[in-house]
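2 protein chains.
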Amino acid sequence: MSGVGAGERAARMTLTGVVEPGHPVVLAEVARHGAESVLARLRSGEHELSASLASRLAHFDLDRERALAARVGGRYVVPGDDEWPAALADLADAPVLHQRGGVPIGLWVRGRTGLAEALRSAVAIVGSRSCTVYGSDIAAEMAAEVTDAGFTVVSGAAFGVDQAAHRGCLARAGTTAAVLACGIDRVYPLAHRALIERIGQDGLLVSEAALGAAPTKIRFLARNRLIAAMSAGTVVVEAALRSGALNTASWAEGISRVVMGVPGSVFSGPSAGVHELIRTRGALLVTRAAEVLEAVAPMGQWTLPIRREPTRTRDLLTDEQRQVLDAVPATRPAGLASIAQVAGLTPTTVVAALDVLVRADLVAAGAVGWHLRRASSS
Amino acid sequence: MSGVGAGERAARMTLTGVVEPGHPVVLAEVARHGAESVLARLRSGEHELSASLASRLAHFDLDRERALAARVGGRYVVPGDDEWPAALADLADAPVLHQRGGVPIGLWVRGRTGLAEALRSAVAIVGSRSCTVYGSDIAAEMAAEVTDAGFTVVSGAAFGVDQAAHRGCLARAGTTAAVLACGIDRVYPLAHRALIERIGQDGLLVSEAALGAAPTKIRFLARNRLIAAMSAGTVVVEAALRSGALNTASWAEGISRVVMGVPGSVFSGPSAGVHELIRTRGALLVTRAAEVLEAVAPMGQWTLPIRREPTRTRDLLTDEQRQVLDAVPATRPAGLASIAQVAGLTPTTVVAALDVLVRADLVAAGAVGWHLRRASSS
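Here the protein sequences line up with chains A and B, keeping their order. Heads up: the first sequence begins at 1 in my numbering, then just goes up one per residue. Heads up: the second sequence begins at 1 in my numbering, then just goes up one per residue.
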């Protein structure tokens, strides 16, 4: 299953247990030198964090951690494992945001599906916890439709947009991944106990934090980078100006994922952050799942025609035909000379145009001249 | 007032009377050779349009045209006149759209204000004739606010967004210019008689079409390029997928004016065209007048800070202070060692952070330890 040795795996699990998620220095060291070496330096007192983490290290118990994970059916996944999502490597070179960053040391995972497999085609749908019905409707519908197209829906299990996205995906029997800021054995928010349990069964619960870890502010900030990195693109459905969803969007930007935003009323607070994202940060405006798919699917796999209304007969008219049509009276028939003068065209041109217009059923020809057919007003 | 001779002026007025607005070939010829030369060729039968326009030319009467204009207080303005808007020169090199294009031969104008003066700072606000209340509210409010900032509001006197924009400007005693597809002595739509008369008095009515000309489809298409060219930028408030407002936006694009769109519900038909404009054609999303002004005003004259919520005390905390705050219990006080372990930081760091947090009124220090002050939850 993996080329990672038991010692390295245990060292990673230990570091996951004591180092804050997304600590950019430690994560970079682990990526370069391996966890065993970093852990040894931490324990020896040589590491700059040795003092800070001494107490946590003293209290950490690998067997207890494994037992806690076993109780909820959790597994620990590290780089090199088959299940490890290759896309997370993009975090290695990403800028540090809010002092968080780097490739996770390891991830705790619950759920039947393999993580890498689930994330092969994945879209993140995120947004405000205090979203409107407009926002949750769109999130649920978009999630359902990208699910139908074979995508996994990644989100954060929060109130509002997140839960609607998870539910929209589950409703279509799809795979949804909830990336948590707390341990995979905790439920946050508490009101989402049933939803989170269901995702743990039918989807995937993923966390960079140790078992039992509380969802703190910096863990949310670190978590957001995983949502962005695990998805081909991030859709922000609704976000107030200081919504955490905008932090996820910043991560997506930083690692060159597609950032998308759903527009809404200019009078709606929960759309203000999305509008700012589109306005000032170049996020792609999306109004429906097909537009999301076009943006995130491999080139050419989902392409949309530019949206237009169906072409009507009169759209196919030439400029001159149109000019003649405009010169034909609505009811009282007019003769050729009159139409030609009004149109500003020669009688020859007008006759040819009238022929087309009569055949197109736009103009009626009578004994004394031409007039418009009913319902052919522009 | 002008270096344009009486002969050239009369020739231009005649051509305005017989050539369709925005005829790209004739307009280019007039720009290059002058109207007298083009008119002479038309009359001689040498011009490719001689036959088409013979009947119109035969019926055109310069004195009658002047009399019709005098009846509504209209004046004829040509390039070289003080009142001629310099910005229209940009149409010389613009692409031809729908077989329309070019610098107008002349313009019929009604209203007290000088045209060039009125258009020195001007924004076009356009949109769907069948707009929603959302659209007309935004159009009126945006128009009022750009008026307060000293801008002229340009639009097309149509139902829906156009009329709301004109009214919003008039309500603030501003100058609004209605560019018409028909003659300046005609009222279209008829229901806007009072509005159009009012604009003719307090604002400006402008048309490239002859006196008495009916508003035909191609005249609307030609008219739209004038709305775009007369404004520093065009705001599309609401537009269905085949709205004429999108044609105006295409013109604005073609002559390097700022194209702006107001977002709305993804479920609203009249917003679909605007969303497509932002999505696929790079129009700037705008949600309020200040954003419009920032985009169209001379560089640096109107600049907006990125919209953010006000900074709160806790936003100023360092990562470590935040980590300590997250480790302080809500009610039951904890001691230094406990907080240090939960935070994963050294006691020295924790003491320094607690000091800041207590002074910031986020944490309370008691005899047995520290706990959160009320209302300091994240």
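Treat each hint with caution, since some may be false.
Identical chains share a label here; the pair holds if one copy fits it or two copies do between them.
What the hints assert, rightly or not - Below, computed lysine to aspartate or glutamate pairings styled on EDC-like, alpha-carbon distance capped at 16 Å: (1) 217 / 315; (2) 217 / 326; (3) 217 / 320; (4) 217 / 82; (5) 217 / 319; (6) 217 / 36; (7) 217 / 46.
None of these hints come from the bench; they were simulated from the model.
Between copies, within a copy, both or neither: which fits residue 217 and residue 36 at Cα up to 16 Å? Classified as neither; 28 Å inside a copy, 76 Å across copies.
Using 16 Å as the alpha carbon limit, work out where residue 217 and residue 319 are close: within a copy, between copies, both or neither. This pair counts as between: shortest inter-copy Cα distance 10 Å, intra-copy 63 Å.
When no copy is named, should residue 217 and residue 82 be tagged within, between, both, or neither for a Cα gap of at most 16 Å? For residue 217 and residue 82, neither the intra-copy (31 Å) nor the inter-copy (64 Å) Cα distance is at most 16 Å.
Can you tell me if residue 217 and residue 315 fall within 16 Å by alpha carbon in one copy, between copies, both or neither? Classified as between: cross-chain Cα gap 11 Å, same-chain 57 Å, threshold 16 Å.
At 16 Å max between alpha carbons, let me know whether residue 217 reaches residue 46 within a copy, between copies, both or neither. The answer is neither: 29 Å in one copy and 80 Å across copies each exceed 16 Å.
Which holds for residue 217 with residue 320 at a C-alpha limit of 16 Å: within a copy, between copies, both or neither? Cα proximity of residue 217 and residue 320: across copies only (11 Å, versus 67 Å in one copy).
At 16 Å max between alpha carbons, let me know whether residue 217 reaches residue 326 within a copy, between copies, both or neither. between (66 Å within a copy, 7 Å between copies)
In the structure shown, a violation is registered for the earlier hints numbered 4, 6, 7, in ascending order.
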